[in-house]
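Undergrad: From just these sequences and the hints, can you work out the full model?
Read top to bottom, the protein sequences are chains S and B.
Quick note: the first sequence, position 1, residue 1 per the working numbering, numbers continuous.
Quick note: the second sequence, position 23, residue 23 per the working numbering, numbers continuous.
The hints are all genuine.
Derived lysine-lysine pairs resembling DSSO-like cross-links, with alpha carbons at most 30 angstroms apart: (1) Lys-118/S / Lys-294/B; (2) Lys-125/S / Lys-310/B; (3) Lys-108/S / Lys-294/B; (4) Lys-306/B / Lys-85/S; (5) Lys-130/S / Lys-306/B; (6) Lys-199/B / Lys-108/S; (7) Lys-125/S / Lys-294/B; (8) Lys-258/S / Lys-199/B; (9) Lys-407/B / Lys-57/B; (10) Lys-199/B / Lys-163/S; (11) Lys-125/S / Lys-88/S; (12) Lys-41/S / Lys-199/B; (13) Lys-88/S / Lys-294/B; (14) Lys-130/S / Lys-294/B; (15) Lys-252/S / Lys-306/B; (16) Lys-306/B / Lys-108/S; (17) Lys-294/B / Lys-136/S; (18) Lys-198/S / Lys-199/B; (19) Lys-85/S / Lys-294/B; (20) Lys-135/B / Lys-407/B; (21) Lys-306/B / Lys-294/B; (22) Lys-306/B / Lys-118/S; (23) Lys-199/B / Lys-252/S; (24) Lys-310/B / Lys-88/S; (25) Lys-264/B / Lys-54/B; (26) Lys-125/S / Lys-306/B; (27) Lys-252/S / Lys-294/B; (28) Lys-306/B / Lys-88/S; (29) Lys-294/B / Lys-258/S; (30) Lys-237/B / Lys-54/B; (31) Lys-199/B / Lys-88/S.
DEER-style ranges, computed between Cβ atoms: (32) Glu-66/S / Ile-235/B: 53 to 61 angstroms; (33) Asp-297/B / Ser-135/S: 17 to 25 angstroms; (34) Ala-116/B / Glu-66/S: 44 to 52 angstroms.
Everything labelled a hint here was simulated from the structure, so no lab data went into it.
Glycine included, each C-beta is placed from N, C-alpha and C at the ideal position.
Here's the letter readout for the chains.
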Amino acid sequence: MDRRDFLKQTITIVAGAAIPATALEFVNPRTLFAAHGSDVKWVFLADTQKCVGCGFCVKACKLENEVPYDANVSRTWVERYVICKDGKMRVEGNMANPGFGINADSPKGGRDGFTTPKIDIGEGKLVEIKEEDISKAFFVPKLCNQCDNPPCVQVCPVGATYKTGDGVVLVDRSWCIGCGYCVMGCPYGVRFFHPIYKVAEKCNFCYHRITKGLKTACVQSCPFGARQIGNLKDPNDPVTRTVMTGRVGILKSEYGTKPQVYYLALDREVR
Amino acid sequence: MIEVHGEAWTLKEFFTYPNEYIYWSIQIVMYPFMTGLVAGAFVLSSLYHVFGVKQLKNIARFSLVFSFALLPVAMMPLMLHLQQPLRGIHVMMTPHFTSAIAAFGIVFSTYGMIVASELWFVYRPHFVATALELKGNSQRGLIDSFRYLLFSALTLGSYDVSEDALEKDEKAVGFLAGLGIPVACFLHGYAGFIFGSVKANALWMTPLMPVIFICSAVVSGIALCIITYIVTMEIRKLLSRRKGKASGLPSYEELRSAEIEEVKLTSKYLVMFLIAAITLELLDLIFRGYTAVKSWDILREVIYQKDFYKIFVMQYGMGNLLPFILFKLPGLTVRRAGLGACLMLFGVFMMRWNVVIGGQAFSSSFAGFMEYVLPIIPHNIETAKEGLVGAVAVIITPYVLFYFINKVMPVFKYKGAH
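TA: Here you go:
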């Protein structure tokens, strides 16, 4: 073999080997998708000053998402807070003072509105608060925070719950084993077991609607515009503008979950 | 009205979120309790095999077999707890490794294999002897034919019982027992990690949880071995006394002295691990009170008010202090040791209860409480599975299994090398 042949054959072999070597790298659809990138990131904005506690959002959500209407669980709910001038909690008429306490309730998730000034303290017991004792009272809508660092996704032992590229945490009903670890892992208490499907259930920003250009059921049904959904990647979206320029709060930042539901006028007493 | 999971046994007080219920009920109390027994029983048997504590010979073989009987039962509460029990296998098939539970399949089966192989080496001469004996019997009945099949299968084709081979067996047992200790600790420490890593739960989240779990696991495992050992020895004593020589048992006096010796020594280890467990638990409690972070207001309410009786009277008082005194008073008798061990077992059970149920006794809102009402008379499948009925089923099963395993691997009659 002379030098010319040697070089020729070497080039052929190297070139030939290079093709199968590149073929060995598997094409990961997720990597491809990420390279392309999603131009949507769903976020939610709740204005507590606009919420009147009518419960239309809860009604609409239950009907839209087939969560049994009378079951005592809900994907979204409304909380009522009644803060007294002395900062204390009223328990069954007399002034007990557990330091942790707060006058707040969410009977049936606030589905039927708050029609009595009495506070529901559980197991059907109601407690009345004198009007002159009240310093402030307000309503706070709650739903899944679609965290950027979701503990529920982290703890699922089978990967049945996952975060989509556009920022929503979903549950695969066909794969969930119903261990309840995600329910335990959520600091916001948004998860529960669906009474019929017997798997973990939670708010998903009405994913079936928002991906088709519709609003979520709760946003659609809110008569006061207290609830809004938007795309954080669209700078002209009114929600994005508020989140970027307004003073917005998030719930329980201490858990490091990076929630994507933003609140306007969030009171320090909100749990 | 459609009942939601957890609604049947949860009482809510003050401000709780609408979806909050006691989702992890009695079966999740049983799960760490049962795995604790498995791990503890194994550690006890390893004391003999690895550290050569010769006096523990009898109880070591017993606790190894019992640990094997407990093994499948550690999985039972999980199956009874799952909302989709048929999908439980997904944890093994498609584990999602960021979850603490996902490692369960791997840790559990590794541990199971170690215990099974150790048992095989311990009982190999017995398998060989029984298989050969049955082979020689030309007029086998149906049962003996089955036994022959079983035992010859169990030998795995290895019929060599020469001195040399047995010595190798012994080495293998030592190695497996040594390997088993860290794996057993991992199995249980990992159960502690499942709870300790839940950042959403103020009571559970502490890095001490795995270590606390291991120590209390060893306590419960040893306590259970003592109790079961005493019970079986009492039965044998009774048989020996009634039938005399005909029973083929050692004499009553021999049994009696052997029993108290073993019990005395084992109880020393029991007390040691108890002290370790209590120290860590108290450290955790003091630390929480001293640092008094946001959650302390409600935790204090749960620990010192709502659950005071369950924690300080039933767990620390009846379950730890009282048996500690019983074991430490001079002149330990078998009866006193038995009572002490029973109380300790109860104490560890209460510890599991106070962690699992206590951790759900307050709302994530830190402004309300939840109370678990154990369903005693079930009114549907859910209240049967996650109520007294389910718990009792989990407690009984290891004894049923032990009965059958004992037929194949006799714990007492066998005079093997180990």
